[in-house]
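Sequence order for the protein chains is A and B. All residue numbers for the first sequence refer to the numbering used here, where the first residue is 1 and numbers rise by one. All residue numbers for the second sequence refer to the numbering used here, where the first residue is 1 and numbers rise by one.
Think of the hints as simulated: they come from the structure by calculation, not from any bench. It is possible that some hints are incorrect.
As the list claims (entries may be wrong) - In silico DSSO-like pairs for lysine-lysine, Cα to Cα no more than 30 Å straight-line: (1) B:Lys108 x B:Lys132; (2) B:Lys132 x A:Lys284; (3) B:Lys132 x B:Lys260; (4) A:Lys132 x A:Lys38; (5) A:Lys23 x B:Lys260; (6) A:Lys38 x A:Lys221; (7) A:Lys259 x A:Lys38; (8) B:Lys307 x A:Lys303; (9) B:Lys108 x A:Lys38; (10) B:Lys307 x A:Lys307; (11) A:Lys23 x A:Lys221; (12) B:Lys108 x B:Lys260; (13) A:Lys73 x A:Lys23; (14) A:Lys259 x A:Lys303; (15) A:Lys221 x A:Lys259; (16) A:Lys38 x B:Lys132; (17) A:Lys307 x A:Lys38.
Claimed, not checked - Some chain B residues judged to face chain A by a derived CB distance under 8 Å, without partners named: (18) Val100; (19) Arg316; (20) Asn328; (21) Ala352.
Stated by the list, open to error - Derived Cβ-Cβ restraints for the label pairs, each shown as a range: (22) B:Asn6 x A:Asp41: 44 to 50 Å; (23) A:Gln28 x B:Ala344: 35 to 41 Å; (24) B:Gly206 x A:Arg59: 32 to 38 Å.
Where is the CB? At the ideal position from N, CA and C, for every residue including glycine.
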Amino acid sequence: MQLLEQTVAAISGQDQAARQRAKERLDQLIMPHWALGKLMDMALDLAGMTGSVRPPVRRRKIVAMAGDHGIAKSGVSLFPQEVTVQMAQGFIAGVAGVNVLARQSGTEVVLVDMGIAGELDEKTAAAVIDRKVARGTANFAEGPAMTREQAIQALEAGISVAQELAADTDVFGTGELGIGNTSPSSAMVATLCGIPVAAAVGRGTGLDDEQLQHKIRVLEKALALNAPDPTDAIDVLSKVGGFEIAGIAGLILGAAALKKPVVVDGFISTAGALLAAKIAPLSKDYMIASHRSVEQGQVAALKELGKEPLLDLNLRLGEGSGAAVAMNLVEGAVAVLTEMATFAEAAVSQAER
Amino acid sequence: MELLRNTLAAITRQDQAARRLAQERLEQLIMPHWALGRLMDLALDLAGISGGITPVVKRKLILVMAADHGVAATGVSRFGQEVTVQMVQSYFAGVAGCNVLARQAGAKVAVVDMGIAGELMGAAADLVIKRKVARGTADFTRGPAMTREQAIQALEAGIEVTRAFADEVDLFGTAEMGIGNTTSSSAIVAALCRLSAAAATGRGSGLNDEQLERKIAIVEQGLAVNQPAADDPLDVLAKVGGFEIAGIAGQILGAAALRKPIVVDGFISTAGALVAAKLAPACTDFMIASHRSMERGHLAALAELGKEPLLDLNFRLGEGTGAAMAMNLVEGAVAILTEMATFAEAAVSQAAR
Chain A
1 MQLLEQTVAA ISGQDQAARQ RAKERLDQLI MPHWALGKLM DMALDLAGMT
51 GSVRPPVRRR KIVAMAGDHG IAKSGVSLFP QEVTVQMAQG FIAGVAGVNV
101 LARQSGTEVV LVDMGIAGEL DEKTAAAVID RKVARGTANF AEGPAMTREQ
151 AIQALEAGIS VAQELAADTD VFGTGELGIG NTSPSSAMVA TLCGIPVAAA
201 VGRGTGLDDE QLQHKIRVLE KALALNAPDP TDAIDVLSKV GGFEIAGIAG
251 LILGAAALKK PVVVDGFIST AGALLAAKIA PLSKDYMIAS HRSVEQGQVA
301 ALKELGKEPL LDLNLRLGEG SGAAVAMNLV EGAVAVLTEM ATFAEAAVSQ
351 AER
Chain B
1 MELLRNTLAA ITRQDQAARR LAQERLEQLI MPHWALGRLM DLALDLAGIS
51 GGITPVVKRK LILVMAADHG VAATGVSRFG QEVTVQMVQS YFAGVAGCNV
101 LARQAGAKVA VVDMGIAGEL MGAAADLVIK RKVARGTADF TRGPAMTREQ
151 AIQALEAGIE VTRAFADEVD LFGTAEMGIG NTTSSSAIVA ALCRLSAAAA
201 TGRGSGLNDE QLERKIAIVE QGLAVNQPAA DDPLDVLAKV GGFEIAGIAG
251 QILGAAALRK PIVVDGFIST AGALVAAKLA PACTDFMIAS HRSMERGHLA
301 ALAELGKEPL LDLNFRLGEG TGAAMAMNLV EGAVAILTEM ATFAEAAVSQ
351 AAR
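Working from the sequences, and respecting the hints, build out all of it.
Shown next, in the form of structure tokens:
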């Protein structure tokens, strides 16, 4: 609990003076005013986060948090639980979606075992960062997903991973893996945003209408059974959350305390971000929303966070794939701020007023 | 005229067999079905364009077509005409928006003088690709912007430049520079999409309401004076177009004939794309729409082309900045098609049916 408390206490808002200096420069660059729109908005954020008008973003890392879910036994996913292990092995082999898109954007991928149920092969076990809390959560259709102690342990594991990787990371990205994890994400978002389950549930890996109705019923019953307290984020996490979602929240809190930008991936990551924001509202200042997911619960969560996503590419994979693509835009934003000339520097005539 | 005629004749549709082969592979990749959405749609296009399932997009080039506009003398832009030369100088200094974003995307930038009015100096004068048709177009509020012969010359210049780069470029991007060129583009889009001037005219480099009303009146006047024939794209180009817009159209036709993908930048580039599509409808198969511009008229032009842009970042700069950012997505699409494993290759269990 001490690490969590210290981390939350260490989080402060963006550096307004650095934002101001960045704005002064951006206003003078050789183009019509603010003509690179959202990249310039993001350049302001990056200056405010890092406290510098030359924000470092060269060393980028996507931290994929993996964990299994007891709720997967209630028929909420098309894929069986063994796929978590198989995909973790795919990540380490470098052949999954997040790997190829991270490669494109010059980003490293690391995998954290927050609570995988099955056995990883030797190669994967050796490569993974081991923070296993338990072999999957309990089925929250039958009782709490985890204890409050486990929830705190998982949050602190995420913080510790951020701290451990910080020395050679300028920008973090979130990623995740865990069969069934859209279900706890929907349950958490419904509770923390105060919206009906049906408004926070989507088709996950591809449910049909009937399967979707089943998922909604399972989650409605689970929320009624557990009655998570919406004003207590850790209670929500422990009753209907997941270890990897806690890990994501911890990573974000850790990064925010270190004043490093975090690119938030899709729906599950946004559920983690919402959890982080409820624990430490100022952590929002360090989040960059990468993309709009096909999952409708993500839209509600982004709204609650006050974030506008950069991309809208009909992605619904997770893993960190959207964060990987958005890293290009983060680099672009910094290039605009640091490499473009001003009207005076380039001797270009300004617009008449 | 012969080069244009031969190029138009050489343009055929995407390779449907290659698209099907790509689709078969994409459907087997280790993720829920089509979970990388628009990137997978783009991968299909790249397969169809290249005629194979391992498209190569490594060598990227953005061609900046630069020219001046007689209509600028009517005060439709907030920037003076000397800015065209000044901005081209800055492209060679590497400090403009297109340079820094192209650098981020690993794309080269080359500049073509299609009809700059002023004098380039130093390295810019030496290194610019010299295709000057004239020192700016004539003011189209008083008569045609150029002759039909000049329009053909400018189109063929774009084709030739593209062919000259064919052996060293896998992926082209369009770009432009020319003070006043949104006015010409609005006139082209209004004529070819059969829209009112008001529906096709936007704030360009930042006009206020009153200045916008004047600009709309100028576009209306240009269309009334010249009466371009909506079913004759060469007539529209000659009467209300620009040399750099013709160059862009030529570049697109040239790339399509070479079966190379071409990323289309913002509003002015899309006006060029529309001219190209009216000359050779099949060339739309080779276009990738990079982004949604803030400029009114852009959406109408994209709809006429049947294209959905990839990005929406509140850009209104042009110069190839949106094309540069979208090149990252093109690379990502190819990475998915060529680097991800299938369920069988990675021994991952498939979804239950």
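Here is what the structure says about each hint:
1. The hinted pair formed by Lys108 (chain B) and Lys132 (chain B) meets the criterion: a straight-line CA distance of about 22 Å does not exceed 30 Å.
2. Only pairs whose Cα atoms come within 30 Å are accepted, and Lys132 (chain B) paired with Lys284 (chain A) is rejected, the gap being roughly 52 Å.
3. Our distance criterion of 30 Å between C-alpha atoms is met by Lys132 (chain B) and Lys260 (chain B), whose separation comes to about 25 Å.
4. In summary, the hint linking Lys132 (chain A) to Lys38 (chain A) is not supported, as the alpha carbons are separated by about 38 Å, beyond the 30 Å threshold.
5. Taking the CA atoms of Lys23 (chain A) and Lys260 (chain B), the gap is about 39 Å. The hint is violated against a cut of 30 Å.
6. In summary, the hint linking Lys38 (chain A) to Lys221 (chain A) is not supported, as the alpha carbons are separated by about 41 Å, beyond the 30 Å threshold.
7. Restraint check for Lys259 (chain A) and Lys38 (chain A): the C-alpha separation of about 21 Å stays at or below 30 Å, so the hint holds.
8. A hinted pair counts as satisfied when its Cα atoms are at most 30 Å apart, and Lys307 (chain B) with Lys303 (chain A) qualifies at roughly 29 Å.
9. With a CA separation close to 23 Å, the supplied pair Lys108 (chain B) and Lys38 (chain A) stays within the 30 Å bound.
10. A distance of roughly 28 Å separates the Cα atoms of Lys307 (chain B) and Lys307 (chain A); the hinted pair therefore holds under the 30 Å criterion.
11. With a CA separation close to 50 Å, the supplied pair Lys23 (chain A) and Lys221 (chain A) exceeds the 30 Å bound.
12. A threshold of 30 Å between alpha carbons decides the hint, and for Lys108 (chain B) with Lys260 (chain B) the separation of about 16 Å falls inside it, so the pair holds.
13. Among the hinted pairs, Lys73 (chain A) with Lys23 (chain A) is inconsistent with the structure: their alpha-carbon atoms are about 52 Å apart, more than 30 Å.
14. As the CA atoms of Lys259 (chain A) and Lys303 (chain A) are separated by approximately 23 Å, the hinted pair is consistent with the 30 Å bound.
15. Among the hinted pairs, Lys221 (chain A) with Lys259 (chain A) is inconsistent with the structure: their alpha-carbon atoms are about 40 Å apart, more than 30 Å.
16. Using a Cα cut-off of 30 Å, the hinted pair Lys38 (chain A) and Lys132 (chain B) is violated, with the two alpha carbons roughly 35 Å apart.
17. Between Lys307 (chain A) and Lys38 (chain A) the CA atoms are separated by roughly 12 Å; this keeps the pair inside 30 Å, and the hint holds.
18. The beta carbon of Val100 (chain B) comes within 4 Å of a beta carbon in chain A, closer than 8 Å, and the hint placing it at the interface holds.
19. Residue-level restraint check for Arg316 (chain B) holds (minimum Cβ-Cβ distance to chain A is 5 Å; threshold 8 Å).
20. Because the closest C-beta pair between Asn328 (chain B) and chain A is about 4 Å apart, less than 8 Å, the hint holds.
21. Satisfaction of the interface hint for Ala352 (chain B) is found here, the shortest Cβ-Cβ separation to chain A being roughly 6 Å, below the 8 Å cut-off.
22. About 47 Å separates the C-beta atoms of Asn6 (chain B) and Asp41 (chain A), a value consistent with the hinted range of 44 to 50 Å.
23. For Gln28 (chain A) and Ala344 (chain B), the hinted distance range of 35 to 41 Å is not satisfied, since their beta carbons lie about 56 Å from each other.
24. Checking the proposed 32 to 38 Å range against Gly206 (chain B) and Arg59 (chain A) shows it holds: the Cβ atoms sit about 37 Å from each other.
In this structure, the hints that do not hold are numbers 2, 4, 5, 6, 11, 13, 15, 16 and 23, in rising order.
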